[in-house]
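So the sequences go chain by chain: S and B. Read in order, the letters of the first sequence are residues 252 to 549 in my numbering. Read in order, the letters of the second sequence are residues 52 to 275 in my numbering.
Honestly, the hints are just simulated from the structure, not real lab data. Incorrect hints may appear among the rest.
In silico PhoX-like pairs for lysine-lysine, Cα to Cα no more than 25 Å straight-line [claimed, not checked]:
| id | chain 1 | residue 1 | chain 2 | residue 2 |
| --- | --- | --- | --- | --- |
| 1 | S | LYS474 | B | LYS149 |
| 2 | B | LYS149 | B | LYS274 |
| 3 | B | LYS149 | S | LYS502 |
| 4 | B | LYS274 | B | LYS118 |
| 5 | B | LYS217 | S | LYS510 |
| 6 | B | LYS191 | B | LYS87 |
| 7 | B | LYS217 | S | LYS474 |
| 8 | B | LYS145 | S | LYS474 |
| 9 | S | LYS483 | S | LYS502 |
| 10 | B | LYS83 | B | LYS191 |
| 11 | B | LYS232 | B | LYS118 |
Just so we're clear, the structure is a prediction, and the values are computed from it rather than from any experiment.
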Amino acid sequence: MKKQILSILIVLSVTCSLPSCLRLDSNLFNNIKLDNYLLDASTSPQEITVDTSYNIPSGFIQQVALTSDDNGNKATIYGIYVGDVSRISSDTVIMYFHGTKGNMDYYWNREKILANAGGKNRFGVFMIDYRGYGMSEGKPTESGLHADANAAIEWLKNNGLAGDRLIVYGFSLGTAAATYYTANPTTLVPAKLILEAPFGSAAVMTNDATVLALPSSYFTSVKVDNAEEIKKVQQPFMWIHGINDDFLSIKTHGELVYKNYKGVYSEAHRVPAATHVNVPAVWGLDNYKAALEAFITR
Amino acid sequence: MGVKSGLYCCIALLAIAFASCAPARYVRPLEKGQSKVSATFGGPLINYSGTTIPAPLLGFAAGHGFKDGLTGFAGLHATSLAFGVLHVDAGVVKGLLKPNGWIPGVSASPVANMMFDKWEHKFSFFPQADINAYWNYGKKKHYCYLGLANWFDLHSTRAEGEPQTKHWLPVVQVGNTLAAKKWEYTLELKYIAPNYSNRDIVVPYISAGNTGAIGIYIGVTRKF
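Generate coordinates for the entire structure from the input sequences, incorporating the hints supplied.
Pasting the structure below:
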């Protein structure tokens, strides 16, 4: 029997010494690569639909390529600026960081809605595909996300934007980029921060899922720690969250981020019946746009 | 769409797996001097990319009968190890009542669950207490069982310093073990955390309703 137990122990030892390097980090990103952006011509399913009144004049749509440097890991990433690039030096611009799914084609309707807030092309809107998304090179990572955010705002600065006209808006995954950048600005100091359906952190997600207070480091190196980063944000802050968010609980994620904000001004919009993905539509596009305009111009 | 994707499904899958990653250990106490080594496979059912699957979790355990009615055991969770987390459990099974006809045998099992990750060197400890009733059949070789496992979370806070209000994670389990001369084969169903909502927690657990998760496990045991 000792031989058999020894054999089993050897098998167990071999099994246990298999490379213990599995991490779930890359699963944060649900990216889809593209050869070209199709925008209105895209057949990508949309969670929010808009009518033709939201269409953007073709001269106000500019695709740009940027170089993003993540500690030496350089990638060419792509963005779409909606507005008159020549007027960035005088316009107020919404820097929009999209969610995890797909690419900019998938979020094109959202960018159009923002470009219609307060009137057609009242504000410039800039959206980027993080590395690994759409046409952007590379693989998505959390540090790459922040590097890409820096690159985008650097481009806006190079085109004449000043920090007091920069509004940073993040949705879902994009709240990590938006919050982190606003808390730790490198190029321009944003004037205001808008977060829609933010997550608290990877640790909150882990605890929500398991009931037990397990460390998130058991599963992933990703932090996406909005709950901590928001504490550094002093700029006016607008928080939007669907009360029926079926993915990132408004209670454990959104309320936590809102509670941790200690800056000069905040407003909360808890949208009845809205889930994770449909806040603008359920709230009503006109209500949504009006609230954005009021916050941006206050 | 937001982040309704892989990371969080996987986190949730693995996270709950930590608390329910193996069928009950040695429900029926081993005979004095008897040893068993087990491999277990399975986990909570989840909806992954439109398909219902049990989490593919692998674990090993060994037990020894120190005296009649008292078995010691230890387990190693191989899937956790693959993620850089040393997760072991150790405990004893104490026979409280011997089976007699339709009257089941009853055993109780205090267990210590310990985890330590190589990434941030975080240690976790969760005590567990199980109680099971089992019925022998087939010349007393085989047995089926029904039990309640109880995980306890002693932390006062959870992520981001928020209060931890969920301190009891119960698991209802029912299983059957077929015994051959040298081998045993176990199939077990669990209803994990039936007292907690499974809504709005990032993963589509499969369950009987809006609470908990259902798990399916198989085990193969070699007797010595």
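Each hint, compared with the structure:
no., hint, result
1, S:LYS474 <-> B:LYS149, "51 Å, violated"
2, B:LYS149 <-> B:LYS274, "21 Å, holds"
3, B:LYS149 <-> S:LYS502, "48 Å, violated"
4, B:LYS274 <-> B:LYS118, "16 Å, holds"
5, B:LYS217 <-> S:LYS510, "21 Å, holds"
6, B:LYS191 <-> B:LYS87, "18 Å, holds"
7, B:LYS217 <-> S:LYS474, "23 Å, holds"
8, B:LYS145 <-> S:LYS474, "43 Å, violated"
9, S:LYS483 <-> S:LYS502, "21 Å, holds"
10, B:LYS83 <-> B:LYS191, "17 Å, holds"
11, B:LYS232 <-> B:LYS118, "21 Å, holds"
The earlier numbered hints that this structure contradicts are 1, 3 and 8.
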